[in-house]
Amino acid sequence: MMDTRHDRLVEDLAGRLEPVRPLPRPSLRAALWIGAAVVIGTLLASKLAMIGLEHRTGRADLWLAAAGGALTAITAAYAAFATSVPGRSPAWALLPVPAAALWIGASGLGCLRAWVAPPLDLSEAHEPVSCFSFLVCVSVPLSLLIVAMLRRACPLRPNLTAALAGLAVAGAAATLLVPFHPAEATASDLLVHAVVVVGVIGLNALAGGRLLSKAPA
Amino acid sequence: MAASFALGTGGFPPVGRAFRPAALESARGEARAGSGMALEGELASLMAAAQRGDAASYRALLRACLPVIAGFARAQGVRGDAVDDVVQDTLMTLHAARASYDPARPFMPWLRAITQRRAIDRLRRAARRPQEVFDPLSYEAEVDPLPAPGAGIEARERGAALARAVAALPEGQRQAVEHLGLRELSLDETAALTGRSKNALKVNLHRALKALRASLTPGGE
Chain G
0 MMDTRHDRLV EDLAGRLEPV RPLPRPSLRA ALWIGAAVVI GTLLASKLAM
50 IGLEHRTGRA DLWLAAAGGA LTAITAAYAA FATSVPGRSP AWALLPVPAA
100 ALWIGASGLG CLRAWVAPPL DLSEAHEPVS CFSFLVCVSV PLSLLIVAML
150 RRACPLRPNL TAALAGLAVA GAAATLLVPF HPAEATASDL LVHAVVVVGV
200 IGLNALAGGR LLSKAPA
Chain W
0 MAASFALGTG GFPPVGRAFR PAALESARGE ARAGSGMALE GELASLMAAA
50 QRGDAASYRA LLRACLPVIA GFARAQGVRG DAVDDVVQDT LMTLHAARAS
100 YDPARPFMPW LRAITQRRAI DRLRRAARRP QEVFDPLSYE AEVDPLPAPG
150 AGIEARERGA ALARAVAALP EGQRQAVEHL GLRELSLDET AALTGRSKNA
200 LKVNLHRALK ALRASLTPGG E
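Residue numbers (numbering that gives the first Met the number 0), protein chains in the order written: chain G, 0 to 216; chain W, 0 to 220.
No lab work stands behind these hints: they were computed from the structure. Some hints here could point you the wrong way.
As the list claims (entries may be wrong) - Listing some non-contacts, in silico: residues in chain G with all C-beta distances to chain W over 12 Å:
#, residue
1, Leu12
2, Val19
3, Lys46
4, Leu101
5, Phe131
6, Cys136
7, Cys153
8, Val197
As the list claims (entries may be wrong) - If we take Cβ atoms under 8 Å as the criterion, some of the chain G residues that face chain W in the derived model are:
#, residue
9, His5
10, Met148
11, Arg150
Beta carbons are placed, not taken as given, at the ideal position from N, Cα and C, and that holds for glycine.
The shape of chain G in the complex, shown without the other chains (with noise of 0.2 Å):
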């Protein structure tokens, strides 16, 4: 009787069967994404006046943080999508771990700079950037984008891939915010973007881990 079960599904399956065209590598995924956040990056910085990268090219936290935040959201990408694929390790979740705490120290030591020494006054010299809203408004189309990407493929761990994919968002917009930040990060800016970059992750571990879920219901 199992047998016949079976065979109704096969059957159906190989009925409904329609010709796919098979993933690329999660590291060409991972870089169109990536080409994608580039993208609004350069849309940004053409509507955008880069006050922050005029006024703070000397510090060197400011370098650290927006290479701790790029590389994150690389590796992040990369796990995300090697996570998508049935078959790979889910140890790669474990590859933007480095680049994600070099990206929080480096935020962190600005943040005791700005305690030790006192901040660049810069509100006069442009209009204030809202960091919180620049941060949503990046980081949604970013989502949605790499949670249409990893649909594709079948993840089998959907919450796991949703929080990398959330990770990569998070570290893609705090790197592209870095050009436009008009201050010194301090405790507060800090808090700001810990609670977009944790809201971030989780809204796509939780959105996101549903909407990757492939299991039969």
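The hints should help you fit chain W onto chain G, whose structure is shown.
Just chain W now, with coordinates in the frame of chain G:
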């Protein structure tokens, strides 16, 4: 290695032109001998053909995968009928995820990963459902809501004794008991039905109850 146990139970049905039973049969033999490489290659090529839309290859692939999936599920700890459920879940996931298979990579790890995940899902669902627990004390202390064995016999005997006692009453008393006591008709209705006066019915009922009490009380007869 995973293919070796799987192939022991699996039969490969006749398939279309893209499928080569002889080649796959030879792959079965090699797999039994401990080499799954030929089977791996066959399944990978069938899957690549399925990705191109070859339904015959796809059908052959899925049928060849049935025992393999069942073996993976059992290795994961799934037992009984749940193995067939995991096979079904895995086949559906395989279908939905077939674009994620990279023809340049081995097929078995891809299939094993899907099966293991579906097996874990099934085991988790089973763990959330209430299960039978071995608890002899609770079993012994459980109160059976149904009547005890033999309880109906006594009731039936009492009913039969009452029926016999009523039948033995004089005609007037029997009518009073049947209509007023058992059918719960009113005095007027019973009077109209029997043609007796209400006072006579009252007296007959009183005497009938007295007679029944005497005949049904133990030692009264």
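Going through the hints against the structure:
1. Leu12: G/Leu12 not clear of chain W: closest Cβ-Cβ about 5 Å, inside 12 Å.
2. Val19: 4 Å, violated
3. Lys46: 37 Å, holds
4. Leu101: 31 Å, holds
5. Phe131: 36 Å, holds
6. Cys136: About 31 Å separates G/Cys136 from the closest Cβ of chain W, which puts it past 12 Å; holds.
7. Cys153: Its Cβ does come within 12 Å of chain W, the nearest being 3 Å, so this is violated.
8. Val197: 27 Å, holds
9. His5: 6 Å, holds
10. Met148: 12 Å, violated
11. Arg150: 10 Å, violated
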